[in-house]
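Novice: Now for the letters of each chain:
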Amino acid sequence: MGDPMKISARIKGDAAEIRVLVNHPMDTGRRKDPAGNLVPAHFIKHLTVIVGDRTVLDAQIGTAVARNPWFAFKVTGAKAGDRVVVSWNDNKGDSRTDETLVEATPASRS
Amino acid sequence: MNPLRRLLLKGAGASSALLAAIAAGALKPGEVLAADWNAAAFEANNIAAALAAMGIVDPVESADVFLKAPDIAEDSAVVPIEVSSKVANTQKLSVFIDKNPTSLAAHFDLAGGALPSLGLRVKMQQTSRIRVVAHAGGKFYFTTKEVQVTIGGCGG
Chain A
0 MGDPMKISAR IKGDAAEIRV LVNHPMDTGR RKDPAGNLVP AHFIKHLTVI
50 VGDRTVLDAQ IGTAVARNPW FAFKVTGAKA GDRVVVSWND NKGDSRTDET
100 LVEATPASRS
Chain B
0 MNPLRRLLLK GAGASSALLA AIAAGALKPG EVLAADWNAA AFEANNIAAA
50 LAAMGIVDPV ESADVFLKAP DIAEDSAVVP IEVSSKVANT QKLSVFIDKN
100 PTSLAAHFDL AGGALPSLGL RVKMQQTSRI RVVAHAGGKF YFTTKEVQVT
150 IGGCGG
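Taken in sequence, the protein lines are chains A and B.
The C-terminal residue of the first sequence carries number 109 in numbering that gives the first Met the number 0, and the numbering is unbroken.
The C-terminal residue of the second sequence carries number 155 in numbering that gives the first Met the number 0, and the numbering is unbroken.
Some hints here could point you the wrong way.
[Stated by the list, open to error] Derived PhoX-like pairs: lysine-lysine, alpha-carbon spacing no greater than 25 Å straight-line:
| hint | chain 1 | residue 1 | chain 2 | residue 2 |
| --- | --- | --- | --- | --- |
| 1 | A | 44 | A | 91 |
| 2 | B | 85 | A | 78 |
| 3 | A | 11 | B | 98 |
| 4 | A | 44 | B | 98 |
| 5 | B | 144 | B | 67 |
| 6 | B | 67 | A | 31 |
It should be emphasised that the hints constitute simulated quantities derived from the structure, not laboratory data.
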């Protein structure tokens with residue numbers, strides 16, 4: 000099941016800026032533990048993001064994505080209050096889904 | 000949530016349900032995002048094979064594809080990069096690290112208003128070119144940048 004993701008989504012200009020931080024080891028299968036044994040590959044293969052009722056991102060991921068994967072991207076046509084649902088699954092069959100709401104642009108403090 | 004989409008995301012029902020949905024007009028083919036992890040591409044152990052397995056044919060170097068990456072990786076296990084494309088109708092972005100044990104790092108299908116501009120963090124085993132390929136209208140446009148690595152991040 001993994002630990003919860005950190006997801007932020009905020010209107011910035013004419014798009015929603017979405018950031019996702021996933022807690023995952025992303026082991027390549029080539030790393031050795033302190034005892035010299037190979038650590039089996041354990042990595043996220045898919046990550047999808049839905050905003051409102053639209054799938055906006057479908058990422059296929061390999062072992063070269065860094066531990067605790069982080070992604071940032073922008074989506075047009077989103078508005079404050081839209082649901083943002085992020086799901087991933089990994090090579091061991093584990094998966095997780097978390098969600099948040101798009102936040103409005105914070106009032107400027109001039 | 001749209002239950003059909005949930006079904007697709009779960010990978011349940013596989014292609015027959017998908018074809019039925021397309022036939023029924025419930026789902027436009029363009030809305031079907033990559034359902035499968037491209038094992039051949041992710042397991043390819045050199046850049047030429049990885050590009051071929053992704054179906055990337057005759058990529059053209061383009062000033063409209065952008066890659067922001069450090070000149071020298073401070074920590075090769077966590078190299079922050081930004082990839083983007085100003086090529087019209089960019090639908091997908093693929094990120095390769097030419098000299099990693101497997102070259103394909105990630106592939107992004109964009110839809111529903113997502114802009115072709117992403118930030119992510121990658122691992123590098125050694126000094127290599129990073130390569131970004133934008134897929135637009137069945138054609139392929141790329142840029143590269145070499146990133147120096149002094150201590151490897153993949154072998155650990």
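Novice: Hint by hint, which ones does this structure get wrong, listed from lowest number up?
Specialist: 3 and 6
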